[in-house]
Amino acid sequence: AQSVSQHNHHVILSEAASLELGCNYSYGGTVNLFWYVQYPGQHLQLLLKYFSGDPLVKGIKGFEAEFIKSKFSFNLRKPSVQWSDTAEYFCAVNPSYNTDKLIFGTGTRLQVFP
Amino acid sequence: DTAVSQTPKYLVTQMGNDKSIKCEQNLGHDTMYWYKQDSKKFLKIMFSYNNKELIINETVPNRFSPKSPDKAHLNLHINSLELGDSAVYFCASSQRRGGPYNEQFFGPGTRLTVL
Chain A
1 AQSVSQHNHH VILSEAASLE LGCNYSYGGT VNLFWYVQYP GQHLQLLLKY
51 FSGDPLVKGI KGFEAEFIKS KFSFNLRKPS VQWSDTAEYF CAVNPSYNTD
101 KLIFGTGTRL QVFP
Chain B
1 DTAVSQTPKY LVTQMGNDKS IKCEQNLGHD TMYWYKQDSK KFLKIMFSYN
51 NKELIINETV PNRFSPKSPD KAHLNLHINS LELGDSAVYF CASSQRRGGP
101 YNEQFFGPGT RLTVL
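Same order as they appear, the protein sequences are chains A and B. Its first residue numbered 1, the first sequence is counted upward by one per residue in our numbering. Its first residue numbered 1, the second sequence is counted upward by one per residue in our numbering.
In isolation and in its complexed conformation, chain A is listed as follows (with noise of 0.2 angstroms):
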C-alpha cells in the first residue's frame, strides 16, 4: 500500500527560527502533492499544493516547498516561524493511480515559542 511518511513527530523551535519539515511518499507514479495546517482547535487548511510545473511552490503565510522527485520528498520550509505558527502539520499525496485518494502523513506537531 501507498504511504506518507513524516519522519518529524514533535519539533520545538523558538520565533524566527528556520523550519523545515520532512515528507516523503512510497508511490513511484505521477503525483499531486499538498500540505495542509491544523491550528489548535480548527479544521484543516491547506498551506500549498504542487500539480506540475515549478518543484518550488509557495504558499500561505510566507511556507513553501519544494518537490524532489528523485527523492520522492515534498519538504515544507518557512525561514522564519512564529508562535502563530504552532499547529499540526500534514503531508498528503494524490497518486495517479487513484486520484479521488489523498494519502495522510501521520502529521507534525509544531510547537513555537516565543
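These aren't lab readings, by the way, just hints derived from the structure by calculation. Each hint should be verified, as a subset may be incorrect.
[To be verified] Below, in silico cross-link-like pairs of lysine to aspartate or glutamate (EDC-like), each with a Cα-Cα straight-line distance of 20 angstroms or less:
| # | chain 1 | residue 1 | chain 2 | residue 2 |
| --- | --- | --- | --- | --- |
| 1 | B | K19 | B | E82 |
| 2 | B | K41 | A | E66 |
| 3 | B | K41 | A | E88 |
| 4 | B | K40 | B | E82 |
| 5 | B | K67 | B | E24 |
| 6 | A | K58 | A | E20 |
| 7 | A | K101 | B | D30 |
| 8 | B | K44 | A | D100 |
| 9 | B | K44 | B | E82 |
| 10 | A | K71 | A | E15 |
| 11 | B | K52 | B | D70 |
| 12 | A | K69 | A | E88 |
| 13 | B | K41 | B | E24 |
| 14 | A | K49 | A | E66 |
| 15 | B | K71 | A | D85 |
| 16 | A | K49 | A | E64 |
| 17 | B | K67 | B | D85 |
| 18 | B | K44 | B | D85 |
| 19 | A | K58 | B | E103 |
| 20 | B | K71 | B | E103 |
| 21 | A | K101 | B | E53 |
| 22 | A | K101 | B | E82 |
| 23 | B | K36 | A | E88 |
| 24 | B | K67 | A | D100 |
| 25 | B | K36 | A | E64 |
| 26 | B | K36 | B | E82 |
| 27 | A | K49 | A | D100 |
| 28 | B | K40 | A | E64 |
| 29 | B | K9 | B | E58 |
| 30 | A | K101 | B | E103 |
| 31 | B | K44 | A | E88 |
| 32 | B | K52 | A | D100 |
| 33 | B | K36 | B | E24 |
| 34 | A | K61 | B | E103 |
| 35 | B | K40 | B | D85 |
| 36 | A | K101 | B | D38 |
| 37 | B | K52 | B | D30 |
| 38 | A | K58 | A | E88 |
| 39 | A | K49 | B | E103 |
| 40 | B | K71 | B | E24 |
For this one, chain A is given, so just place chain B on it according to the hints.
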C-alpha cells in the same frame, strides 16, 4: 458563509447507540468525503461521494453508512457505536474528482466520544 459545515461539533454517547453526523458544503462542489482522525492525529479517508454516487469506500465496518441526499450534503450514520469509534470525524469537499480538482476543503470536525 461557512464553506463546509458539520453538526454536531461534539457528540458524547454510550456504546451500542446509533448516531448521525451531518455535513453540508455551499461551495458548489461535486465531491464530498468523510475522514476519521484518531487520537494520534492520523487522518484516514473513509468514504467519498461524487454527485451522490459512492466512489471510495475504504475498509470501514458496515456499521458506518454514508448517505448523500444531494451533492451538497453527505451524512454519516453509525450503528452500534463502539469505544474504538471515538475520534474526530472530518467532512471535506472538492470541486470535482481527482487530480488538480482534488484540493479538499475541510469542515470543522465532529469530536465523537463513546463511553
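Tested hints:
1. Restraint check for B:K19 and B:E82: satisfied, since their Cα atoms lie roughly 11 angstroms apart, inside the 20 angstroms limit.
2. In summary, the hint linking B:K41 to A:E66 is not supported, as the alpha carbons are separated by about 24 angstroms, beyond the 20 angstroms threshold.
3. Distance hint between B:K41 and A:E88 is fulfilled; the C-alpha atoms sit about 9 angstroms from each other, no more than 20 angstroms.
4. At roughly 18 angstroms between alpha-carbon atoms, B:K40 and B:E82 fall within 20 angstroms of each other, so this suggested pair holds.
5. A hinted pair counts as satisfied when its Cα atoms are at most 20 angstroms apart, and B:K67 with B:E24 qualifies at roughly 12 angstroms.
6. As the CA atoms of A:K58 and A:E20 are separated by approximately 14 angstroms, the hinted pair is consistent with the 20 angstroms bound.
7. Using a Cα cut-off of 20 angstroms, the hinted pair A:K101 and B:D30 holds, with the two alpha carbons roughly 15 angstroms apart.
8. For the proposed pair B:K44 and A:D100, the alpha carbon gap of about 13 angstroms is at most 20 angstroms, so the pair holds.
9. Distance restraint check for B:K44 and B:E82: the Cα-Cα separation of roughly 18 angstroms lies within the 20 angstroms cut-off, and the hinted pair is therefore satisfied.
10. Among the hinted pairs, A:K71 with A:E15 is inconsistent with the structure: their alpha-carbon atoms are about 29 angstroms apart, more than 20 angstroms.
11. Our distance criterion of 20 angstroms between C-alpha atoms is met by B:K52 and B:D70, whose separation comes to about 6 angstroms.
12. Proposed proximity of A:K69 and A:E88 is contradicted: the alpha carbons are some 25 angstroms apart, above 20 angstroms.
13. Between the alpha carbons of B:K41 and B:E24 the distance comes to roughly 23 angstroms, so the proposed pair goes past 20 angstroms and is violated.
14. A C-alpha spacing of about 10 angstroms is found between A:K49 and A:E66, which places the hinted pair at or below 20 angstroms, so the restraint holds.
15. Proposed proximity of B:K71 and A:D85 is contradicted: the alpha carbons are some 34 angstroms apart, above 20 angstroms.
16. For a cut-off of 20 angstroms, the pair hint linking A:K49 to A:E64 stands: about 9 angstroms separates their Cα positions.
17. A threshold of 20 angstroms between alpha carbons decides the hint, and for B:K67 with B:D85 the separation of about 18 angstroms falls inside it, so the pair holds.
18. With a C-alpha separation of about 13 angstroms, the suggested pair B:K44 and B:D85 falls inside the 20 angstroms cut-off, and the hint holds.
19. Taking the CA atoms of A:K58 and B:E103, the gap is about 16 angstroms. The hint holds against a cut of 20 angstroms.
20. Proximity of B:K71 to B:E103 is assessed by CA-CA distance (about 17 angstroms); at most 20 angstroms being required, the pair is judged to hold.
21. The suggested pairing of A:K101 with B:E53 holds, with an alpha-carbon distance near 15 angstroms, which does not exceed 20 angstroms.
22. A C-alpha spacing of about 26 angstroms is found between A:K101 and B:E82, which places the hinted pair above 20 angstroms, so the restraint is violated.
23. Taking the CA atoms of B:K36 and A:E88, the gap is near 16 angstroms; set against the 20 angstroms cutoff, the hint holds.
24. Our distance criterion of 20 angstroms between C-alpha atoms is met by B:K67 and A:D100, whose separation comes to about 18 angstroms.
25. Taking the CA atoms of B:K36 and A:E64, the gap is near 27 angstroms; set against the 20 angstroms cutoff, the hint is violated.
26. The suggested pairing of B:K36 with B:E82 holds, with an alpha-carbon distance near 14 angstroms, which does not exceed 20 angstroms.
27. Simply put, A:K49 and A:D100 have alpha-carbon atoms about 16 angstroms apart, close enough for the 20 angstroms limit, and the pair holds.
28. A distance of roughly 26 angstroms separates the Cα atoms of B:K40 and A:E64; the hinted pair therefore is violated under the 20 angstroms criterion.
29. Restraint check for B:K9 and B:E58: the C-alpha separation of about 24 angstroms exceeds 20 angstroms, so the hint is violated.
30. Our distance criterion of 20 angstroms between C-alpha atoms is met by A:K101 and B:E103, whose separation comes to about 11 angstroms.
31. For the suggested pair B:K44 and A:E88, the alpha carbons sit about 15 angstroms apart, so the restraint of at most 20 angstroms is met.
32. For a cut-off of 20 angstroms, the pair hint linking B:K52 to A:D100 stands: about 15 angstroms separates their Cα positions.
33. Only pairs whose Cα atoms come within 20 angstroms are accepted, and B:K36 paired with B:E24 is accepted, the gap being roughly 17 angstroms.
34. Annotation: proposed proximity of A:K61 to B:E103 holds, straight-line Cα distance about 18 angstroms (limit 20 angstroms).
35. Among the hinted pairs, B:K40 with B:D85 is consistent with the structure: their alpha-carbon atoms are about 14 angstroms apart, no more than 20 angstroms.
36. Simply put, A:K101 and B:D38 have alpha-carbon atoms about 18 angstroms apart, close enough for the 20 angstroms limit, and the pair holds.
37. Between B:K52 and B:D30 the alpha-carbon distance is near 8 angstroms, which keeps this suggested pair within the 20 angstroms criterion.
38. Straight-line distance between C-alpha atoms of A:K58 and A:E88 comes to about 19 angstroms, which keeps the hinted pair within the 20 angstroms bound.
39. Restraint check for A:K49 and B:E103: satisfied, since their Cα atoms lie roughly 8 angstroms apart, inside the 20 angstroms limit.
40. Of the pairs offered as hints, the one joining B:K71 and B:E24 holds, with about 9 angstroms between alpha carbons and a cut-off of 20 angstroms not exceeded.
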